[in-house]
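With the hints as constraints, model all of the structure from the sequences given.
So the sequences go chain by chain: A and B. With the UniProt record's numbering, letter number 391 in the first sequence gets 391, and the count goes up by one each step, no holes. With the UniProt record's numbering, letter number 272 in the second sequence gets 272, and the count goes up by one each step, no holes.
Everything labelled a hint here was simulated from the structure, so no lab data went into it. Check each hint, because a few of them may be wrong.
Covered by chain B, per the in silico footprint, the following chain A stretches (three or more residues, Cβ under 8 Å) [what the hints assert, rightly or not]:
(1) 92-103
(2) 194-201
(3) 314-322
(4) 358-366
(5) 386-395
(6) 405-411
Beta carbons: idealized from backbone N, C-alpha and C, even for Gly.
Number of protein chains: 2
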Amino acid sequence: MDAATTALTTLGQQAQQASYTLGLLSTKQKNAILLAMAQALIDQQAPILAANAKDLANPQIPAKFVDRLTLTSARLAEMATGLRQVAALPDPIGNVDRAWRNDAGLLIAKERVPLGVIGMIFEARPNVTVDAAGLCFKTGNAVILRGGKEALHSNQALVNVLQDVLQAADVDRHAIQLIQDTSHETAAAFMRLTDYVDVLIPRGSARLIQAVLTQATVPVIETGAGNCHVYVDQAAQLDMATKIIVNGKVQRPSVCNATEKVLIHRAVAADYLPTIIQALRDQGVEVRGDTATQAIVPDVVPATAADWATEYNDLIIAIKVVDSEADAIAHINRYNTQHSEAIVTDNYQAGKVFQQRVNAACVYINASTRFTDGFEFGFGAEIGISTQKLHARGPMGLNELTAYKYVIDGNGQVRQ
Amino acid sequence: MDAATTALTTLGQQAQQASYTLGLLSTKQKNAILLAMAQALIDQQAPILAANAKDLANPQIPAKFVDRLTLTSARLAEMATGLRQVAALPDPIGNVDRAWRNDAGLLIAKERVPLGVIGMIFEARPNVTVDAAGLCFKTGNAVILRGGKEALHSNQALVNVLQDVLQAADVDRHAIQLIQDTSHETAAAFMRLTDYVDVLIPRGSARLIQAVLTQATVPVIETGAGNCHVYVDQAAQLDMATKIIVNGKVQRPSVCNATEKVLIHRAVAADYLPTIIQALRDQGVEVRGDTATQAIVPDVVPATAADWATEYNDLIIAIKVVDSEADAIAHINRYNTQHSEAIVTDNYQAGKVFQQRVNAACVYINASTRFTDGFEFGFGAEIGISTQKLHARGPMGLNELTAYKYVIDGNGQVRQ
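Below is the structure:
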């Protein structure tokens with residue numbers, strides 16, 4: 001065992017031990033601790049802000065990281081509000097999905113339990129530290145956090161505050177732990193800590209998530225990549241299509257549920273392309289187009305083959321003309337990331353076929369892809385948006401941070 | 001891309017294409033095809049039995065594989081019966097788990113869909129070929145089968161028969177495919193075919209499953225390892241404990257839900273150990289014991305540290321005396337495989353604490369661990385028993401071979 005793995009093993013054992021006690025806390029106890037954590041972030045902001053200043057003083061921090069890395073009193077207050085919201089949500093732990101008596105007379109109950117130990121791997125965003133810690137704690141999970149190295153001091157200060165609240169409430173402080181060694185070797189060892197970590201949830205760039213998927217032997221929930229399409233059917237209300245496409249692209253272009261591609265049925269392309277391209281340009285969007293689009297609006301940027309698979313996360317969009325709904329669906333299933341896809345149509349059959357055949361977590365008729373979100377879905381929280389099919393798909397709220405166990409009551413039954 | 005990966009990529013693409021069409025079949029169509037497959041196994045047994053004879057003629061087959069590898073008319077009839085039973089089960093695809101309207105007025109429905117392409121890796125058991133193909137087909141999943149090399153001719157013959165039934169019904173024959181190249185290189189490439197395979201389910205020995213867990217980048221459902229315990233509490237009915245332990249050990253010792261370990265509360269150890277050890281020996285079981293057990297029954301085989309983590313799958317059991325229920329739970333959580341655990345007790349509190357604190361898929365009060373089984377649970381089928389927490393835990397029936405997707409109906413909603 002190498003040194004990185006040895007250090008992590010201790011941390012993993014502590015997390016696992018803590019997880020056994022977390023599952024026994026009542027909802028009332030957990031909520032009281034979440035509220036105390038919220039208050040502590042406000043009361044103890046001085047050391048947190050001092051640690052954050054140390055991170056920001058690092059001359060090697062890329063300029064684009066500065067905003068997301070910066071903590072202020074207002075941002076700490078936002079984090080505290082987030083924790084209070086989590087405290088107010090219903091607790092899924094202990095819920096019984098269903099219960100039945102089998103032929104042998106056993107009463108079998110499928111009961112929601114914590115996953116156990118959750119590993120979170122993320123970039124230099126200190127807000128993720130508090131957010132993930134709160135969601136995992138509410139669901140009785142121990143969490144091991146591995147944040148970006150640029151935020152190490154901030155994360156340490158935040159975790160210290162949260163751990164002190166745990167300890168004051170007689171809860172094992174190892175329920176929330178931070179990996180202090182931000183080397184790649186330690187990250188790689190963390191991803192293989194199968195004896196102690198039940199699931200890894202990476203949050204961040206496509207590159208980060210790919211690295212985790214490739215290296216991990218711990219089960220991973222893949223999140224966040226979103227190459228989302230809007231298909232404008234020949235039976236679309238075109239003004240509705242424009243609202244949906246513009247909202248999907250410009251309302252928050254950096255996020256995973258932003259619309260990245262538009263497919264337009266050939267029957268409406270000549271009429272509609274000038275309108276939608278103008279509407280997007282009015283919002284500062286760079287529009288790229290395939291050859292059919294170029295033929296109608298010659299000054300679009302020519303789209304290359306690479307465009308169809310690219311998630312821009314920026315004010316850029318690519319448009320392609322398709323011959324049929326079937327072509328649109330085939331294109332989407334080839335290039336999408338199984339996140340969110342939309343059709344705009346007034347044709348009932350076209351809408352239902354699209355919903356059935358498109359392979360994605362969320363498939364919309366006549367609505368913006370931007371709705372794929374735990375809060376918009378009414379979950380009251382979100383740990384990420386899953387783009388895989390196992391365990392959880394789409395927005396993940398508290399329920400998606402649980403597993404189940406069968407608890408079975410007998411009176412001496414043996415198998416025949 | 002190496003040659004093994006190139007060949008597999010074609011196979012994966014074909015499976016993915018087939019999966020898109022399978023999701024569109026009606027339950028009635030799928031059931032008719034399953035019944036036709038059952039009939040074809042009986043009608044076309046001659047080429048299947050000839051292929052099987054070729055496998056059995058291989059002089060390198062270990063003697064212990066011969067029985068599980070041998071096909072007969074009776075065994076083909078059993079496989080056919082299995083397919084007919086799967087046809088008779090309710091189809092989970094298209095079920096709506098729940099549907100609601102969100103604040104923006106969108107109607108959101110969480111609908112059951114196939115997982116997509118399932119990869120099965122298993123040993124030289126031709127019955128798994130038919131069983132897995134039937135369960136995957138019923139749930140609209142394409143399947144890629146990689147069976148043990150000793151059964152290759154048998155598996156080819158079986159898959160040919162099933163594919164011909166698909167083709168006769170105008171269904172893509174690539175819905176069921178067999179990997180013909182049984183090299184380790186191809187198996188390793190298969191486990192990394194993330195673009196085309198949605199989930200891998202290994203079925204077989206602990207060694208096989210560990211190999212898959214270590215090498216795979218495709219998400220894996222871990223199945224089958226069972227180091228199951230029975231804890232005899234101080235408040236146990238001892239005659240009930242004996243029935244449960246003997247049933248758990250001897251009714252079918254080779255399977256994963258067999259009882260492998262017994263923990264006995266010190267307060268009843270002196271009274272109970274001679275009885276239970278005699279009862280086990282009467283059934284031909286080798287009894288191993290810790291030092292406390294040896295002190296009471298001196299002629300037990302001394303248990304070593306390795307015993308506590310070992311799944312015997314044989315007529316061997318190890319007994320340990322514990323000081324308390326807490327010690328029993330700690331021992332189980334340290335050494336178990338999260339499969340099935342049981343307490344025998346008449347103390348309500350002891351039973352409920354055990355169910356809550358033991359970390360396993362199935363936790364029994366006063367019943368045999370042998371009940372952890374898809375048929376005993378009333379699922380009507382079983383693809384395996386999951387010992388992980390993500391996605392599925394415990395016996396996996398048809399529902400556990402599905403994912404979900406959110407289908408969302410709007411009328412022009414955009415995000416504020």
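Okay, the hints, checked on the actual structure:
{"no.": "1", "hint": "92-103", "verdict": "holds (count 3)"}
{"no.": "2", "hint": "194-201", "verdict": "holds (count 3)"}
{"no.": "3", "hint": "314-322", "verdict": "violated (count 0)"}
{"no.": "4", "hint": "358-366", "verdict": "holds (count 8)"}
{"no.": "5", "hint": "386-395", "verdict": "holds (count 6)"}
{"no.": "6", "hint": "405-411", "verdict": "holds (count 7)"}
This entry does not satisfy hint 3, going by the numbered hints stated previously; all others are met.
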